[in-house]
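Kindly produce the complete structure, drawing on both the sequences and the hints.
Residue numbers (this note's numbering), protein chains in the order written: chain A, 638 to 950; chain B, 10 to 525.
Check the hints yourself; a few may be wrong.
Restricting the straight-line Cα-Cα distance to at most 20 Å, the calculated cross-link-like pairs of lysine to aspartate or glutamate (EDC-like) are [unchecked claim]:
#	chain 1	residue 1	chain 2	residue 2
1	B	K274	A	E730
2	B	K301	A	E683
3	B	K351	B	E332
4	B	K525	B	E237
5	B	K284	B	E272
6	B	K209	A	E716
7	B	K209	A	E730
8	B	K195	B	E207
9	B	K425	A	E683
10	B	K141	A	E683
11	B	K274	B	E332
12	A	K722	B	E207
13	B	K195	A	E716
14	B	K103	B	E332
15	B	K488	A	E806
16	A	K722	B	E376
17	B	K209	A	E683
18	B	K365	B	E376
Among chain B residues calculated to face chain A with C-beta under 10 Å, some are [to be verified]:
#	residue
19	G192
20	P249
21	S260
22	A415
23	Q419
Hints are computed from structural coordinates only; laboratory data are not their basis.
Beta carbons are placed, not taken as given, at the ideal position from N, Cα and C, and that holds for glycine.
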Amino acid sequence: MAAYVVRRLLSMLVVMCLVAVVVFIVARVVPGDPAAVMLGTSATPEDVAALRARLGLDQPLLTQFGLFALQIVTGDLGESIFLNKPVLTAIAERSELTLLLATMAVMVSVAVGVPVGVISAVRRGTAVDQAVIAGAMLAASLPSFWIGLTLIRWFAVNLGWFPVSGYGEPGAGLLERMHHLVLPALALGIPNSAIITRFTRSSMLDVLTEDYVRTARAKGLPTHRVVLKHGLRNAMIPILTVVGLTLAVLIGGAIVTETVFGLPGAGNLIVSAVLRRDYPVIQGALLIISGLYVLINLVIDLLYAVVDPRIRY
Amino acid sequence: MTSLRPRLLAAASLSVALTFAGTLMTGTVLAAPTGVMTVATIGEPPSLDPMSTTADLVGTITQHVFETLYAFDANWTLKPLLAAGEPVVTDEGKVWTIPLRSGVKFHDGSAMGGEDVLASVKRWLAVSPRGKTVAAVLEEVSVVDGKALRFTLKKPFAPLGSLLAFNNGAAVMMPKAQAEAEGPLKTFIGTGPFRLVEHKPDQYIRLEAFADYASPAGEASGYAGKREAKVAELRFVPTPNAVTRLEGALSGQFLYSDALPTEMKARINGKPGVKPVVVKPFAWPFMIMNNKEGSLANATLRRAIQSALAPEDMLMAAFGDPEFFAVNGPFYGKGAALASTKGAETFGAADAAKAKVLAKGAGYKGEPIRIMTSTQYDFLYKMSLVAQQQLEDAGFKVDLQVLDWATLVQRRNDPKQWDALFTYHTFVPEPSLITIMNPAYAGWWDTPEKAAALDAFNSDANPSTRAVLWGNLQDVFFKQAPTLKIGEFYSLAATSEKVEGLNPAPWPYFWNVSVK
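Structure follows, in structure tokens:
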């Protein structure tokens, strides 16, 4: 197990080096200039050139990359051009919201997706199953921004149950902040619940035809025990994989939802950084998200052994 | 036993007497500021330094914290703000002496003095795009007896007063130590009716009423006159999504939602508790042409393009509702101090046949006209689509390049990369502040006729003759067609009916505004 973990961590290092190169190139290849954005539309080319020199953006790309690589090695991702603070601090400040939102969204996805998928598998071929399949297809097809805007219209504007946007009043406590995240979590969680539903259904269908399930039924165990203990437990591996990947995707993919709901999370930070061409933030955020993605994959692989004792590394 | 009654009576009498005395001293009893005014803005400002950038959003927010020597009133005439009176202009327009107000306090409690003003102006001359315009004609700036600021210019420069009043790239006053600090501003101490309390990027900017604020005298009018912070807190909330800004206004979460697409007015109409705000004047859409390089460096070809395009069609496609635009050629309409129709007599008369003749005369042989546009501003994109069609109808070959805004802003500085671009310019009351008047600005309009007309206009501070001189400059503008001004358009905002005292303005301000 230890050797496996070390091997995976080393391969993770190689992946992260490649990511660093790609991220740097992508940020620079995209046209646009932070200096021009900072100075506004009336700035002359001379003003822009002077600010570029002050920000070090007039240096050759190789020099800029060398500096970036050196910063990564020393655990420093540089300073945001616009926020006047270290990139790591900016990302850490925004990550609380994104992690909380992703967790709540995954909870919504799991709370909806797993039971519905189980019911659909147990009632295979019935009208309930057909309805679940159609519903899952529809939910997976709806873009989260559309769901978000619809939720805002009904639950924030018409009913007034939730705020339209933001992350609470200054000094808001955890409960108030979570209240602001209910609609965004639903907007993110609903499309993902469809995916979990379909994986749960398919995995359960495989397991429910296994001999040990037939044996359990033959022993006279009640249906709920057969389905939940013998069926669901054994169907969990693919479901766990999807849940893990969903969490990873949501951490990096809540960008649109954060924009719609005006949430100052990591996704919003990335969008703003891209629009302003705040290179250190773009690079730092993408590096960290990639790292998290790789790390979550590793954790899922290790969890397999916990869920299924037959798996050994 | 001693009765308490006489003592209570004495205390009450003293209290009444003190209140009365206070009223006599201040002239009026001001109610304590109450409530929170939440304003949804189009995004996070790129900076909170109003000198260093001309971004409108920065000016909108920071004008509550920082103040200039002059301000524009409702008729766009200059009125003193931190100045004590009109500038005294001598030596044939080359020396401007500006008296300074006394009793003005900064947010750190210190009193504004001549040295603070001098240091602030020096910083403005060095870092502001507008200040640099003044620096080019400046011989010396100094303080006279600590009570007045004196500009000594190399030549007469009439726009100086307007430049000292503008709220972005602004000549704001700050303590000497802050003005002389190296690098970007790190503290934001001004003299405004609100002071900065907290800035959480992409979340909010909180300002609170400044208790020691010293208001300028006179009736409130536009950005000038009496200023009073009537709300305890002013909170700007960056909300880049326009639908979210609208829904926030409809739900009551935002008391003012800025810059909404005009088609949203239908959703605001009739909704309880919310009302639409149409901001007039607001901006001019421009199709800037490259006067320096490429096929449009040829003035005859630019005029051919001018003839090929119908501004009304472009405006209708962009805004849909005539309530939000006007097909006006002149920059300044009836009632404005600089109103003039000179040069704009044939504005809007699209004539494809004439365009073809002019293009042929210019030697046009079907070279693609590279037009940069962006979907980030939907109305500009729609205008560019109409322009593409009308130019093709007139025989031009068009290469419409749809870019994100940051790319367009970068590319426009390279004259080799484009022939025309779509942008807009927020209304400015002083023509010399229009970016395209600057020969170094993208478009590079720099001809002897323009330079002579601009020089004559900038040298004359007399209001009665400036309108004529501006007419001459406008005439050159339409004849040389360096840029096409596609009429003017207005902006839509939404505000709560709880809000009182709000005046629509291109850069909305919230002093003198209260919340019921």
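Subject >> Violated hints - listed by number, lowest first >> reply: The structure breaks hints 1, 3, 14, 15, 16, 17; every other hint is satisfied.
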